[in-house]
Amino acid sequence: MRAVTPVITSFALSLLAAIVFGGPVAAETTTLRMTWYSDGNEGEVMADLLKRFHEQNKEIDIVLDQVPYKAVNETLPVQLASGQGPDMARVVDMGGLSRFALDMRPFLRDPGYWETNFGPFLEWMRPAGDTTAIPGFMTQLTVTGPFVNKTLFEQAGVAMPGEKSSWEDWAKAVKQVADKVQVPFPLGLDRSGHRFYALAVSQGTKVFGANGEPEVVDEGFKRAAQLVYDWHKSGVMSKELWGSVSGTAYRGANDEFKNAQVVMYLSGSWQISQFAKTIGDAFDWVAIPNPCGPGGCSSMPGGAGLIAFKTTQHPKEVARVMEYLASEPVLAEFYSRSLFVPGHLGLAKKGIDYPTASPEAAAALKVFTASAAQISPIAYRIQGYSNSRIILNAVISRLGQAVSGETTLEDAYKRITADVAQQIAERNKK
Amino acid sequence: MRGMQRLIGVRRMAYMFLLPNFVFFGLFVFLPIGINVVFSVTGGTALFPSQRPYVGGEQFAYLFDCGSYLDPASCREDHFWRGVANTAKFIVFQVTAMVLFSLVTALILNMKIRGRGFFRAVYFFPVLLSPVVVALIWKWILQRDGLLNAAITTLGGQKILFFVDPGWAMFWAVFVSVWAHMGFYTLILLAGLQAIPADLYEAAEMDATPRWRVLTYITLPLLWPNMIVVIVLALIKGAQTFDEVFVLTGGGPGTATLMIVQYIYETAFSSQVQNFGLAAAASVVLGAVLFVLTLLQFAAARRKEV
Numbered sequence: 001m002r003a004v005t006p007v008i009t010s011f012a013l014s015l016l017a018a019i020v021f022g023g024p025v026a027a028e029t030t031t032l033r034m035t036w037y038s039d040g041n042e043g044e045v046m047a048d049l050l051k052r053f054h055e056q057n058k059e060i061d062i063v064l065d066q067v068p069y070k071a072v073n074e075t076l077p078v079q080l081a082s083g084q085g086p087d088m089a090r091v092v093d094m095g096g097l098s099r100f101a102l103d104m105r106p107f108l109r110d111p112g113y114w115e116t117n118f119g120p121f122l123e124w125m126r127p128a129g130d131t132t133a134i135p136g137f138m139t140q141l142t143v144t145g146p147f148v149n150k151t152l153f154e155q156a157g158v159a160m161p162g163e164k165s166s167w168e169d170w171a172k173a174v175k176q177v178a179d180k181v182q183v184p185f186p187l188g189l190d191r192s193g194h195r196f197y198a199l200a201v202s203q204g205t206k207v208f209g210a211n212g213e214p215e216v217v218d219e220g221f222k223r224a225a226q227l228v229y230d231w232h233k234s235g236v237m238s239k240e241l242w243g244s245v246s247g248t249a250y251r252g253a254n255d256e257f258k259n260a261q262v263v264m265y266l267s268g269s270w271q272i273s274q275f276a277k278t279i280g281d282a283f284d285w286v287a288i289p290n291p292c293g294p295g296g297c298s299s300m301p302g303g304a305g306l307i308a309f310k311t312t313q314h315p316k317e318v319a320r321v322m323e324y325l326a327s328e329p330v331l332a333e334f335y336s337r338s339l340f341v342p343g344h345l346g347l348a349k350k351g352i353d354y355p356t357a358s359p360e361a362a363a364a365l366k367v368f369t370a371s372a373a374q375i376s377p378i379a380y381r382i383q384g385y386s387n388s389r390i391i392l393n394a395v396i397s398r399l400g401q402a403v404s405g406e407t408t409l410e411d412a413y414k415r416i417t418a419d420v421a422q423q424i425a426e427r428n429k430k
Numbered sequence: 001m002r003g004m005q006r007l008i009g010v011r012r013m014a015y016m017f018l019l020p021n022f023v024f025f026g027l028f029v030f031l032p033i034g035i036n037v038v039f040s041v042t043g044g045t046a047l048f049p050s051q052r053p054y055v056g057g058e059q060f061a062y063l064f065d066c067g068s069y070l071d072p073a074s075c076r077e078d079h080f081w082r083g084v085a086n087t088a089k090f091i092v093f094q095v096t097a098m099v100l101f102s103l104v105t106a107l108i109l110n111m112k113i114r115g116r117g118f119f120r121a122v123y124f125f126p127v128l129l130s131p132v133v134v135a136l137i138w139k140w141i142l143q144r145d146g147l148l149n150a151a152i153t154t155l156g157g158q159k160i161l162f163f164v165d166p167g168w169a170m171f172w173a174v175f176v177s178v179w180a181h182m183g184f185y186t187l188i189l190l191a192g193l194q195a196i197p198a199d200l201y202e203a204a205e206m207d208a209t210p211r212w213r214v215l216t217y218i219t220l221p222l223l224w225p226n227m228i229v230v231i232v233l234a235l236i237k238g239a240q241t242f243d244e245v246f247v248l249t250g251g252g253p254g255t256a257t258l259m260i261v262q263y264i265y266e267t268a269f270s271s272q273v274q275n276f277g278l279a280a281a282a283s284v285v286l287g288a289v290l291f292v293l294t295l296l297q298f299a300a301a302r303r304k305e306v
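The listed protein sequences correspond, in order, to chains A and B. Take this note's numbering: the final residue in the first sequence is number 430, and no numbers are missing along the way. Take this note's numbering: the final residue in the second sequence is number 306, and no numbers are missing along the way.
No lab work stands behind these hints, which were simulated from the structure alone. Among the hints, a few may not be true.
Below are the BS3-like pairs computed for lysine-lysine, each with C-alpha atoms no more than 27 Å apart in a straight line [to be verified]: (1) A:Lys51 x A:Lys70; (2) B:Lys159 x A:Lys233; (3) A:Lys175 x A:Lys233; (4) A:Lys180 x B:Lys159; (5) A:Lys164 x A:Lys233; (6) B:Lys159 x A:Lys172; (7) A:Lys233 x B:Lys139; (8) A:Lys366 x A:Lys350; (9) A:Lys277 x A:Lys51; (10) A:Lys70 x B:Lys139; (11) A:Lys414 x A:Lys206; (12) A:Lys310 x A:Lys429; (13) A:Lys175 x A:Lys150; (14) B:Lys139 x B:Lys237; (15) A:Lys164 x A:Lys366; (16) A:Lys310 x A:Lys51; (17) B:Lys159 x A:Lys258; (18) A:Lys222 x A:Lys206; (19) B:Lys237 x A:Lys175; (20) A:Lys150 x A:Lys164; (21) A:Lys164 x A:Lys175; (22) B:Lys139 x A:Lys258; (23) A:Lys150 x A:Lys366; (24) A:Lys349 x A:Lys58.
Whole structure, please, built from the sequences with the hints as guidance.
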């Protein structure tokens with residue numbers, strides 16, 4: 001009996017252990033994939049938030065695939081078209097990918113919350129003609145605008161143009177500064193169609209004709225294109241940005257700005273976090289409201305949305321993750337830690353605290369938040385148009401050729417019109 | 001194995017051994033080529049051939065719609081023709097430079113000089129590098145604040161914006177390509193040089209034949225089959241050029257260094273409407289050119305065997 005007792009005891013203990021510890025293991029874990037790109041520290045913040053979500057929801061595991069921005073623009077569409085995409089992704093071309101987006105309404109506890117807080121931005125994510133779908137939310141609202149190296153202005157002894165100054169005033173001032181302090185980039189303007197339209201809208205472009213179809217090359221557009229062209233001729237803009245690559249390639253001047261080689265840099269609010277981190281106290285920089293033209297002083301709105309895709313095998317779980325991330329306290333923390341302008345109307349109204357922001361970053365956030373309130377309806381319309389990327393890409397590709405001296409502006413105008421028509425026709429082929 | 005050989009015969013057994021590789025090539029080479037051809041005669045943006053509308057030769061007609069094929073600006077799809085013109089220009093300069101430099105280097109490395117093994121390794125080393133690494137190294141050297149401009153300014157010169165001037169951009173594209181691949185062609189020519197019988201040179205020496213006559217009457221004629229291989233391989237490689245130039249210049253300034261493969265890549269993947277049909281049609285055209293070049297290579301190789 002003595003010999004049998006330990007055997008019975010150990011068997012009983014093993015059985016108990018199997019029941020106690022084996023129970024949770026039996027519960028199935030759903031793994032979701034989220035594709036993500038970062039401009040600053042937002043990838044780290046998102047990873048942290050997802051970790052906390054998983055701690056509260058052990059049955060859902062989210063793999064965060066952090067990829068370059070280029071991969072989101074070029075690889076993701078192919079992945080989605082082949083049905084092999086992730087469950088969620090942070091994307092910029094929301095209109096272009098809207099045909100792959102999941103309408104989460106049946107899975108959301110409170111679709112009204114989404115309508116109330118993300119309403120205007122949901123239109124950017126919906127397929128043409130759809131007025132009700134809820135595919136995701138804005139991880140950030142971006143506003144284009146210039147950053148100015150204040151130290152260079154001070155060193156040159158040139159006064160910074162005041163509020164509501166024109167693009168021409170700024171061009172003149174930054175050229176004076178650059179000549180005096182010998183920096184190679186008086187005005188840096190990202191080689192991006194989106195950035196070009198911050199200038200074009202201020203010059204009065206309308207983009208769409210009376211029938212609602214794109215009529216890209218109008219008088220306002222020509223004024224903006226002429227400015228870019230002339231600035232390259234006169235040395236206000238260096239050819240190294242617009243004239244050193246081809247096609248639709250993006251070329252930013254953030255590295256040059258960080259190295260104090262740019263007097264004024266037209267980019268946008270998404271750069272704040274990295275400038276705060278990398279410039280430190282090397283020089284003083286400020287964000288200023290968009291300069292003005294005959295069409296006003298509007299910035300271009302934009303941003304990145306976290307979108308759920310209909311190819312997911314787990315729409316319920318995806319909606320749970322999205323609900324968590326889009327909830328007010330979580331999203332407030334996300335915007336606050338990543339120094340982003342909120343893309344959530346409720347939070348925008350209440351205001352976000354940025355306790356980690358440096359004085360320069362806090363001031364820049366204030367300027368961009370104020371700029372967001374003055375965005376022209378035309379700028380919103382371009383951003384929300386599902387074929388907007390076709391227009392933006394055609395513009396930089398052809399203007400780039402004109403800037404590098406390969407074609408004339410007149411030829412560039414004709415090509416832009418033809419490119420846009422051809423690509424929209426191709427997209428509409430069924 | 002012996003049982004199977006008895007069953008199907010010795011000759012058929014050879015096919016059995018070829019079969020696995022044939023299946024592999026079929027799946028990963030011939031099937032994609034077939035799909036590419038299907039894409040070239042269909043339109044739209046769908047990824048699956050079954051969802052793409054048949055458009056016949058429309059994509060080819062669009063590509064070849066030109067006022068004059070010698071003037072890319074007169075073509076509807078001017079970027080394609082700019083890519084063709086740039087690739088042709090690149091091939092002419094690159095192949096000429098490649099053959100000349102490889103030949104001279106091979107002739108020198110074939111001589112009994114001190115440190116010959118070391119120099120052979122040095123010239124071959126860039127071949128081992130990835131094209132992207134090669135381009136990044138040279139970009140680092142050639143950019144505004146790169147090593148070369150640092151040297152120029154130290155010597156009192158002005159910085160040169162190599163990637164802004166179309167002429168310089170093409171020059172460096174050719175230079176970097178020659179630098180990166182020259183070792184491979186040098187090796188082929190070196191092998192050819194070493195295969196030339198030594199007694200021919202001994203006889204020439206006994207006759208006190210001048211060196212240039214030895215070169216033109218013995219070395220070059222006997223090296224000619226290797227030269228043909230080098231030329232044809234360099235031509236094929238030149239037509240396929242993409243990664244090095246793309247990383248180095250991005251195809252710019254404007255479209256000054258946009259190559260045909262970059263055009264295909266951008267049309268299919270990085271333009272907003274991912275125009276697979278047009279890119280596939282351009283691939284078919286490029287494929288046809290490469291096919292002709294490959295036939296030339298086979299013919300050259302056959303001549304060498306004879």
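Do the hints match the structure? See the list:
| no. | hint | result |
| --- | --- | --- |
| 1 | A:Lys51 x A:Lys70 | 26 Å, holds |
| 2 | B:Lys159 x A:Lys233 | 19 Å, holds |
| 3 | A:Lys175 x A:Lys233 | 12 Å, holds |
| 4 | A:Lys180 x B:Lys159 | 18 Å, holds |
| 5 | A:Lys164 x A:Lys233 | 25 Å, holds |
| 6 | B:Lys159 x A:Lys172 | 24 Å, holds |
| 7 | A:Lys233 x B:Lys139 | 25 Å, holds |
| 8 | A:Lys366 x A:Lys350 | 14 Å, holds |
| 9 | A:Lys277 x A:Lys51 | 24 Å, holds |
| 10 | A:Lys70 x B:Lys139 | 20 Å, holds |
| 11 | A:Lys414 x A:Lys206 | 17 Å, holds |
| 12 | A:Lys310 x A:Lys429 | 22 Å, holds |
| 13 | A:Lys175 x A:Lys150 | 14 Å, holds |
| 14 | B:Lys139 x B:Lys237 | 21 Å, holds |
| 15 | A:Lys164 x A:Lys366 | 17 Å, holds |
| 16 | A:Lys310 x A:Lys51 | 24 Å, holds |
| 17 | B:Lys159 x A:Lys258 | 21 Å, holds |
| 18 | A:Lys222 x A:Lys206 | 11 Å, holds |
| 19 | B:Lys237 x A:Lys175 | 45 Å, violated |
| 20 | A:Lys150 x A:Lys164 | 18 Å, holds |
| 21 | A:Lys164 x A:Lys175 | 19 Å, holds |
| 22 | B:Lys139 x A:Lys258 | 20 Å, holds |
| 23 | A:Lys150 x A:Lys366 | 17 Å, holds |
| 24 | A:Lys349 x A:Lys58 | 34 Å, violated |
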